[in-house]
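Read off the chains here:
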Amino acid sequence: MTINYTRISAFVFLLIFLIYSYLAGEIRVFAFDENADFNARTFPKLISYLGILVSLLTLVLSKNEKEDMGQYEWVSVIILFALVFSYGLLIKTIGFFVSTNLFLVISYLYLGVRSYKVIIFSSFPVVAGLQFMLHGLLDVYIRDPFLQFLGVIS
Amino acid sequence: MIEGMMMGINTAFSGYNILMVMMGCFAGTIIGMLPGLGPMSAIALMIPITYGFDPASAMILMAGVYYGAIFGGSTSSILINAPGVAGTVSSSFDGYPMSQQGHAGKALAIAAYASFSGGTIAALFLLVAAPQLAKVSLSFQSADYFALMCVGLLSIAAFASKGQFLKAMIMTALGLALSTVGQDSLSDITRFAFGNINLMDGISFVLLVMATFAMSEAFMIIFKKMDINFKSSDVSKASLGSIKLSKEEVKEMVPTIGRTSVLGFFVGVLPGAGATIASFLAWGFERSIASAKDKLKFGKGSVKGLAAPETANNAACTGSFVPLLTLGIPGSGTTAVMLGALLSFGVQPGPRLYVEQPELFWAVIISMYIGNVVLLVLNLPLIPYIARILAIPKNILVPLVLFFSVTGVYLISFNSFDIYFMAIVALISLVLRVLNYPMPPLILGFILGGMLEKNLRRAVLINDGSFSFIWERPISLSLFIIAILIVLLQVYQGFKKEKE
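Just so you know, the sequences run in chain order A and B.
Here the first sequence is numbered in the numbering used here, starting from 1 and rising by one per residue.
Here the second sequence is numbered in the numbering used here, starting from 1001 and rising by one per residue.
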């Protein structure tokens, strides 16, 4: 049996569904529901059986051949992921407008955009336009301490 | 029915909703044109914008986006041989050669007329079929719904798997498992929240769709170093040529449009099938019935070869609304996203929708006609200008898609946890996609999970804890036989492939 990416992923899924099955059995139900024909545990249990079955079948029946993953840009994706994460961290503290513009400008720069005109026109007007649409047209309030400080929004 | 239809006409023809159709078609065309971003990503990106809308307007906007995305996908297929969506791959077989011969304008016009005709004929079918099916489905009981959902899940897994049925089934099971996070609908017992308050209400549908489609697609563009931008000159107006069709070309197109719109509609109605299969089938079908002389033209710029997939994919889009509107069960990944959006508006699609909210039911159907007219009248003349969107570099596009995804999710909850969770889900989705795990079965499993549990619970309790409803009710039995046949067909195909 060749160990390839499909088998490794199927094994990971098998573990996930086994844990899920265990956790499904641990769901606390009301005492009167304990022996009911259908309680909060039943459906998750059925799903776990399906998951275990198909993961096992994938593990056993997948082809015995090596799989080439090819060349991918892992680092760039991880950096973008970190940028999204930081964006989530900053959005509450410094507000929507500044955090979004920061996220866009840093992402453009990281991905190789060097024209300042392009960077400025693809960030500030887009964010301002969306915020105007949300605040002004759709009445969706986004807390923004920076714009409040400037007196742009109340 | 007439009263409901009139209400629908009033709703669909209100100035506001016509604006929604136009916006939807326009935005869909632009997003669909960009290789990698299909109708599911387009609709996902639109969801946050629809928060302030009433359900009818939101649905009309999304239907417009769906059509527009398919039309936009055809444009990039024809002009640069880079289909924006899978449903338009077969349009490039004859569209691109036509474009290379200097008839890009003509090819785009054929695509537009065929899409318009296919969509319109299918909308007429929908007009007749949907109310009938809605009436029939009123007799469905929980057991039948459970069986129908099983067929839907298996079909999506079978069709979306590209030969890897088991992987698609793993994704279905994962989607079902994710749907159980949060409170149980009957007992209110919290499941799989691990004491985290952010998970007690369950996982947001918008978060999951944004993460698995829009955000992971953006990551994928960088991850695979996809070269998605093209030179503006490739799509300049000068190279398009005339958009006028000769009488002979129109004569050649008409019978093809008639045949393939019927084929496309019925393929679209089947759960799991949809625009991609319809367009390939239509191209193959037209080629097989063509005369020996015409057959040689296929793949080299045939009018029939372009009209067939274009008609069929639009007809299939319309057809996929039949199970959504009448049974409340999506027939494709895209309509699954729409179902999720409707549920978040508090609207439960299904046979009761036709009775209780006829204005919504009919407004969506009627707006499809308007959408087709908009695509023809508005988008065709603007194509040379819209096509320049293809020249947007990926290093501008990717941050913008990430920004819209994050904003869309943040606007629902104003909770940073959702952003972190979405980024993690997007990263996992990226890995799964690289390993050929399809995403539509996951979304469908997630959306149908709650309904599946509710109907199964009801069916089991009505039957005193017995699963005998599977063979006792003829509708359920027939549906389960179909489900078994789908599985057996996949097993057979797997063995056949192995032998080859």
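Warning: the hint list may mix true and false statements.
What the hints assert, rightly or not - In silico lysine to aspartate or glutamate, EDC-like type, Cα no more than 16 angstroms apart, as pairs: (1) B:Lys-1295 with B:Glu-1252; (2) B:Lys-1394 with A:Glu-73; (3) B:Lys-1224 with A:Asp-68; (4) B:Lys-1297 with B:Glu-1249.
By construction, these hints were calculated from the structure, which means they are not laboratory data.
Bear in mind the structure is a predicted one, so any value in this text is a computation, not a measurement.
Against the structure, the hints:
1. For the suggested pair Lys-1295 (chain B) and Glu-1252 (chain B), the alpha carbons sit about 13 angstroms apart, so the restraint of at most 16 angstroms is met.
2. Restraint check: the Cα-Cα separation between Lys-1394 (chain B) and Glu-73 (chain A) comes to about 14 angstroms, which is no more than 16 angstroms; the hinted pair holds.
3. Restraint check: the Cα-Cα separation between Lys-1224 (chain B) and Asp-68 (chain A) comes to about 14 angstroms, which is no more than 16 angstroms; the hinted pair holds.
4. At most 16 angstroms may separate the alpha-carbon atoms for a hinted pair to count; Lys-1297 (chain B) and Glu-1249 (chain B) meet this at roughly 13 angstroms.
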